[in-house]
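Chain by chain, the residues run as shown.
Number of protein chains: 6
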Amino acid sequence: MKFDEAYSGNVFIKSHPNFEESEAVIYGMPMDWTVSFRPGSRFGPARIREVSLGLEEYSPYIDRHLEEVKYFDAGDIPLPFGNPQRSLDMIKEYVTSLLEKGKFPIGLGGEHLVSLPIFKAMVEKYPDMAVIHIDAHADLREDYEGEPLSHSTPIRKACDLLGAENVYSFGIRSGTQEEFEFAKKSGMHMSKFDVAEPLKKVLPELAGRKVYITIDIDVLDPAHAPGTGTAEAGGITSKELLEAITAISNSEVQIIGCDLVEVAPAYDHSEQTQIAASKFVREMLLGWVKKQPK
Amino acid sequence: MKFDEAYSGNVFIKSHPNFEESEAVIYGMPMDWTVSFRPGSRFGPARIREVSLGLEEYSPYIDRHLEEVKYFDAGDIPLPFGNPQRSLDMIKEYVTSLLEKGKFPIGLGGEHLVSLPIFKAMVEKYPDMAVIHIDAHADLREDYEGEPLSHSTPIRKACDLLGAENVYSFGIRSGTQEEFEFAKKSGMHMSKFDVAEPLKKVLPELAGRKVYITIDIDVLDPAHAPGTGTAEAGGITSKELLEAITAISNSEVQIIGCDLVEVAPAYDHSEQTQIAASKFVREMLLGWVKKQPK
Amino acid sequence: MKFDEAYSGNVFIKSHPNFEESEAVIYGMPMDWTVSFRPGSRFGPARIREVSLGLEEYSPYIDRHLEEVKYFDAGDIPLPFGNPQRSLDMIKEYVTSLLEKGKFPIGLGGEHLVSLPIFKAMVEKYPDMAVIHIDAHADLREDYEGEPLSHSTPIRKACDLLGAENVYSFGIRSGTQEEFEFAKKSGMHMSKFDVAEPLKKVLPELAGRKVYITIDIDVLDPAHAPGTGTAEAGGITSKELLEAITAISNSEVQIIGCDLVEVAPAYDHSEQTQIAASKFVREMLLGWVKKQPK
Amino acid sequence: MKFDEAYSGNVFIKSHPNFEESEAVIYGMPMDWTVSFRPGSRFGPARIREVSLGLEEYSPYIDRHLEEVKYFDAGDIPLPFGNPQRSLDMIKEYVTSLLEKGKFPIGLGGEHLVSLPIFKAMVEKYPDMAVIHIDAHADLREDYEGEPLSHSTPIRKACDLLGAENVYSFGIRSGTQEEFEFAKKSGMHMSKFDVAEPLKKVLPELAGRKVYITIDIDVLDPAHAPGTGTAEAGGITSKELLEAITAISNSEVQIIGCDLVEVAPAYDHSEQTQIAASKFVREMLLGWVKKQPK
Amino acid sequence: MKFDEAYSGNVFIKSHPNFEESEAVIYGMPMDWTVSFRPGSRFGPARIREVSLGLEEYSPYIDRHLEEVKYFDAGDIPLPFGNPQRSLDMIKEYVTSLLEKGKFPIGLGGEHLVSLPIFKAMVEKYPDMAVIHIDAHADLREDYEGEPLSHSTPIRKACDLLGAENVYSFGIRSGTQEEFEFAKKSGMHMSKFDVAEPLKKVLPELAGRKVYITIDIDVLDPAHAPGTGTAEAGGITSKELLEAITAISNSEVQIIGCDLVEVAPAYDHSEQTQIAASKFVREMLLGWVKKQPK
Amino acid sequence: MKFDEAYSGNVFIKSHPNFEESEAVIYGMPMDWTVSFRPGSRFGPARIREVSLGLEEYSPYIDRHLEEVKYFDAGDIPLPFGNPQRSLDMIKEYVTSLLEKGKFPIGLGGEHLVSLPIFKAMVEKYPDMAVIHIDAHADLREDYEGEPLSHSTPIRKACDLLGAENVYSFGIRSGTQEEFEFAKKSGMHMSKFDVAEPLKKVLPELAGRKVYITIDIDVLDPAHAPGTGTAEAGGITSKELLEAITAISNSEVQIIGCDLVEVAPAYDHSEQTQIAASKFVREMLLGWVKKQPK
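Residue numbers (the UniProt record's numbering), protein chains in the order written: chain A, 1 to 294; chain B, 1 to 294; chain C, 1 to 294; chain D, 1 to 294; chain E, 1 to 294; chain F, 1 to 294.
Warning: the hint list may mix true and false statements.
Distance ranges between label pairs, derived from CB positions [said to hold, decoys possible]:
#1 D:Pro293 / C:Glu205: 55 to 61 Å
#2 F:Glu23 / A:Gly102: 57 to 63 Å
#3 A:Pro204 / E:Arg86: 56 to 62 Å
#4 F:Pro293 / C:Asp143: 40 to 46 Å
#5 D:Lys101 / E:Pro148: 52 to 58 Å
#6 C:Glu124 / D:Asp160: 57 to 63 Å
#7 C:Lys70 / B:Glu205: 54 to 60 Å
No farther apart than 30 Å at their CA atoms in a straight line, the calculated lysine-lysine pairs in the BS3-like style are these [unchecked claim]:
#8 E:Lys70 / D:Lys14
#9 B:Lys120 / B:Lys201
#10 F:Lys201 / C:Lys239
#11 F:Lys239 / C:Lys239
#12 B:Lys200 / A:Lys184
#13 C:Lys291 / C:Lys125
#14 A:Lys70 / E:Lys184
#15 D:Lys201 / C:Lys239
#16 F:Lys239 / A:Lys70
#17 A:Lys14 / F:Lys14
#18 C:Lys185 / F:Lys14
#19 B:Lys201 / A:Lys192
#20 F:Lys290 / F:Lys200
#21 E:Lys70 / E:Lys120
#22 D:Lys192 / C:Lys200
Bear in mind the hints are in silico, worked out from the structure with no lab data behind them. Here a beta-carbon is modelled for each residue, glycine too, at the ideal position from N, C-alpha and C.
Using the sequences and the hints given, assemble the complete structure.
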């Protein structure tokens, strides 16, 4: 036993101890200050790591083992409570530094607004990128009751940043009338209700493109992800989301980063939400990190 | 801010403040005294209202907005604890008064026995009505261990009141041998296990008819509705129930009222049961109120 | 039954339906954006109201009945998610308007930062007021990691506004070294660990003075109030807090308003925290409203 | 292993397998149909038995071992759901038969109304009996909103049956104004808020008398018994209740039977309420059964 | 009422009181000492029995009633805490004695390692038997970090005992790379991810064979069985598992015994896991006991 | 931000990053394989660390700050599931190595049996040591139903190792008759029910002695520590335990190490047990580490 050499702290299973040697970096964004319903996703990243110790290191979905990927778990960015602007600035700065060092970023939320500064950092490096967005909510508002910094707005901002035609949303089953109208008129892609089937149809169109992927855990039905702030009945199964992740792994897309957000553990005493999320992270590590552009 | 004008209390989202101007009335029936397993559905109506504030007001399922319907939320009828007969009398009296005033009744339970006095009130106004019943349980008993007033009996009473051939049950996966035999012999319609597909086949047959619809939340699998008294494995998803509600909205049926019963919040700390229920109520408001007979 | 006349929504038990005729006004401040540990107190006011229906209307502690006090329950102020400054502005504006109309304000939080704008509104009307502060935490920081608007700062701001010698803290068992040093040097009163006994000693000194009282539910041991964001072991019992409330009722103090904050229901599935809080509100209504200055 | 001889089912630890040879009989009354707030005490008896397997068989409080007492666990009386009158009749009939056979009855509730038929059965055998009542609630109403059969009435009925001067209530901290006035005028004994100290003062006065004891678990503070329907802040500790039970064991009172009611497990996921209740039952068995009149 | 004749304790609904007259015996194995993640399945058997009282006695899946089968519920084997070897010896001894007396064994776990001694007992009587294994996990390890007695190993031991070609696994979605390679090379049958469809294809091949069936509740998605130690996202629905059980009932297989393991109630406050498990046990009793070889 | 330098994983708040420079070492023993009631304390150490981030770094109890002590958090010893003997060997080996390096050991359990190998390691270095034991249970059994390695035995073993007259137990309220008789006859010190007062009387007697302290969290009443395996009603408050810890800090005792065991988070969704435990650890760090012998 060598307990005196390094912390055996709460990191994602099989994380590599050395930042420099790692291809990918897992980082947490413990922020939930702008949510309109149930807060608590600030504890999502820590709990996803915690239950990862119950995971197998091998995936029968794509026949790969975590030893085939080198990733560092950087812990959570210490975001300032209740200050959305400074939090977003810190996230952007951190992701930019990861990109400068050639790391593949895997972000864990936190509320969905955290994806906005990531988009901003990514687009500076990859101006021609596209976004795949898997979520129950359209997140296409311009503001939320006057607040432009809201967890309901990041995909609208992505449309502004990247051009709506480069944004692909799947599984959407909730939003305002204006959001659905925007989706229709703007030229973006939106598949309502389902994920795996429409995604498989779209992936060939994205072959060879640089794509960032953001997944909101609430795309799952609350039966499969009760631990989330804005649970929305009528969602997909965890089996379907695994199928979607695998389809992306097996596609010709060049993946440049990803995040998984809105795990709020306080509402799920069975821990099934974080258990599912940690499995999704394993599949992203195994299937997506190797697909990054050289 | 005008906090001095009216209560901003716990009402279903976007309720109209004026009873007279409303087409529909939401009312709660907080009664659970005759249940044979886990009580607690008395708190169902209050919690469905409470979480409705997390709902969007627009439905992408039928492209309609809650502003298109005027409904009043009357709160809960103050039923006497432990007295089934007086409780049922009060419900019948209340629904009768709603019908006299031309209101579309949307009842929230409470145990399923609350539908019995509603049936009685409805049939006085609409003697040729039919009932669509969506439930895990047949509810076709004549009595429960000697008690004729039991949550296991309301559909049998509906058969007595309306003629069994006017009762259509869907999703049934639990009951006594006698109940299933009655279903076969009586001339009623019973679809076991599934809801959306068999319902879509039956709806054309009901075109133009006046139909009351009663939904027991336990038709959902306990995965989707853990918060109910008599959870029964092997049920449908919330996605399938949304599909069924939408199919009714899009049918030629004349809807004369509806209820949603058996939400028991104490068994669901994720609140997903009431969150799903409040979405179903939204869809009923949007899709069914307009389909009432003139 | 007169369900067509008024909402029977979620208001504190026995609330008076008319604002103008009421002496006191209960109002909620559903804000938790700056908390440093577990969020969720935004749902505190609604749940305190909800469980108030389980309360008796009579108090054996001071032999008084809720019919002896007229109070209006105004519901929750619709605070903007994630925007502390605008939220505080709205609270100050609302309390100021209550004071202008001669109402006794009873605020329900929400995080403790909501007391800051209340202090500001109160001191404009009552420049010579004092504050009684009952809490586990000193709340005497100047800022929290650079953020001046934090739930750790309101009592420090009260010292700035009123003069430290007019601030009386009880039950304090947590804070930084700087906060405890400030308490010693500033001239304020701070009783550590206990509430009822030291308070009884101080009350004669406050006789005849105008006093605002703010209670943080976490002064209770987590055994008695598990539903709070920053639970702190080693606290007092609910029996002791009732004794303290009663002692104030029986004192010669002129009470000008009060609040009860930091009830976060998601962490307490037994609902005992809000059940206790609703009892405290009943005792405040019965014992404190009548003690306001003419 | 002799698994083929008898059920090893859910009985209170160390129960004697033979009814005839037993001095005392534990029986459950799974009824909660008249409760005005949170139902669920029907599952109390089963859960108290279940966790009894975590108990030691020896008590350091009175230095006695469960092998010194012979008691049979009869399971739950199969009460008819939602029918208070028939339920009470069945309880009275059962307790009467126990008394005829010379058994010491130990009843487990269920709601407190179950004590009423027990009182009726007891007084037929012991016309000069007294009652010790330990509870948060006075339970002295004549009816509850018109219903004479309510969980708020049993102690008033006891006063009618036995003479108010033979009823001794302890720990009372909730009730209507009328109930507290009745307590004052009727000649009954009522100690507010506390149990152990006032009880110790009263016990000498009851020396040599035949006494039935009814304990409502909600006399404990919700911190110690969150699993109950009508939790009431400001209660006693489980340590104080153990002290009270021991004081009765050590007194000169002749105990003729007892019950423990209102354990509602659904509201306590830690199971601490039933764990405490099972310890109280052990202490009653050890300290009270031997004190019955010959 | 005849409460004096026999315990009415916690047994599976409609259990026969007489061991000798029964065809089948339900027995619990409350062991969880070797689990690598969340313990607690020791309480599974007791809670499955407890909630069985909420079940109907009739199955609409195969149109049969529990009165058509005679089964005795023997309670739990009192296994020694923390001693795997002695526990397994006791289980083997008990099952052997059941087989000698011609009883059909229905075992309730506990962790999956309990199936190992059952396999050993069964194969002594039925050397040409096959095993159907329904599970999320391959359970094909030779040891777990050096411990040969681990909940990850029983199916590997079954392959050793019976020949891998007589082992049929369904629903597997987790394991080490070595386990999946063993599955491929060993000649065993393994269907990944799904259960009902592949099982229906395999059943004709097993016609006339003696088959033991072991079901790990975690084959269900955590949405349907949150109460289990090693929850694994991406599983099947309870509807699919009911379909699989019914397919076996309707097949030409000769069933010689079965078990259902890994229900861990502490992680599921809705009780849906044990509610589903008790329904599966009912279906096994109704569909499988009659299919045993003469 | 320097996220690339070191894990920011789950360590106790303010842990020092360097083992060599630290005076004290926190280490976890995630073992619960021999518990006789509810397992789950294997997750205790991780959750105590997790909630430590909600703690203040300063203690008003002894006016000291965590910066005054240097301690390293070594994480959890990777104990082999279900193998008590190997687990105990690993613990002894680890603690021995800590003592060789002059570190003050602070162990987090896990079940109480983990203290046995610690005692063995300690007594080799400090043959004249004494033990202070704070617990609800006597833990004085020679074996548990034949198993000598059981969570009910460690204090008996301590008596064997150190001489009973060097063992001081406080707060004991549960055990077998034999255990209490042993306590009387053996010459050990046992204070029943209470902790702070009897401890203060004993501490002068221990002045100058080398003392190891073991605290079982279940000495607290279940109200204060619901998250434990063998909850026992009638316990002390967290306030009293803080008083006891402070009294030891202020005494003339030479403390040589300590542990805190039996935190089982699954039974406490409010997290109050681990929140209290982390505060106790802070107080031990602040008050006890400095009191070690040179």
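Results of checking the hints against the structure:
1. About 58 Å separates the C-beta atoms of Pro293 of chain D and Glu205 of chain C, a value consistent with the hinted range of 55 to 61 Å.
2. Range check, Glu23 of chain F to Gly102 of chain A: about 41 Å between beta-carbon atoms, so the 57 to 63 Å window is missed.
3. For Pro204 of chain A paired with Arg86 of chain E, a C-beta distance near 60 Å keeps the hint of 56 to 62 Å intact.
4. At about 42 Å, the beta-carbon gap between Pro293 of chain F and Asp143 of chain C stays in the expected band of 40 to 46 Å.
5. For the hinted restraint 52 to 58 Å between Lys101 of chain D and Pro148 of chain E, the CB-CB distance of approximately 56 Å keeps it satisfied.
6. Roughly 59 Å separates the CB atoms of Glu124 of chain C and Asp160 of chain D, a value that falls within the hinted 57 to 63 Å.
7. Distance hint for Lys70 of chain C and Glu205 of chain B: a CB-CB separation of about 58 Å, consistent with the stated range 54 to 60 Å.
8. For the given pair, Lys70 of chain E sits about 29 Å from Lys14 of chain D by alpha-carbon distance, which is consistent with the 30 Å threshold.
9. At roughly 28 Å between alpha-carbon atoms, Lys120 of chain B and Lys201 of chain B fall within 30 Å of each other, so this suggested pair holds.
10. Straight-line distance between C-alpha atoms of Lys201 of chain F and Lys239 of chain C comes to about 29 Å, which keeps the hinted pair within the 30 Å bound.
11. Of the supplied pair hints, the one linking Lys239 of chain F and Lys239 of chain C holds, its CA atoms being roughly 15 Å apart against a limit of 30 Å.
12. A distance of roughly 29 Å separates the Cα atoms of Lys200 of chain B and Lys184 of chain A; the hinted pair therefore holds under the 30 Å criterion.
13. For the given pair, Lys291 of chain C sits about 17 Å from Lys125 of chain C by alpha-carbon distance, which is consistent with the 30 Å threshold.
14. Note on Lys70 of chain A and Lys184 of chain E: the hinted pairing holds, with a Cα-Cα distance of about 28 Å set against a maximum of 30 Å.
15. Between the alpha carbons of Lys201 of chain D and Lys239 of chain C the distance comes to roughly 22 Å, so the proposed pair stays at or under 30 Å and holds.
16. In summary, the hint linking Lys239 of chain F to Lys70 of chain A is not supported, as the alpha carbons are separated by about 48 Å, beyond the 30 Å threshold.
17. At roughly 25 Å between alpha-carbon atoms, Lys14 of chain A and Lys14 of chain F fall within 30 Å of each other, so this suggested pair holds.
18. For the suggested pair Lys185 of chain C and Lys14 of chain F, the alpha carbons sit about 28 Å apart, so the restraint of at most 30 Å is met.
19. About 25 Å separates the Cα atoms of Lys201 of chain B and Lys192 of chain A, which keeps this hinted pair within 30 Å; it holds.
20. Between the alpha carbons of Lys290 of chain F and Lys200 of chain F the distance comes to roughly 20 Å, so the proposed pair stays at or under 30 Å and holds.
21. Pair hint Lys70 of chain E plus Lys120 of chain E holds up; C-alpha atoms about 26 Å apart against a cutoff of 30 Å.
22. A C-alpha spacing of about 21 Å is found between Lys192 of chain D and Lys200 of chain C, which places the hinted pair at or below 30 Å, so the restraint holds.
Violated hints, listed in ascending order, are 2, 16; each of the other numbered hints is respected by the structure.
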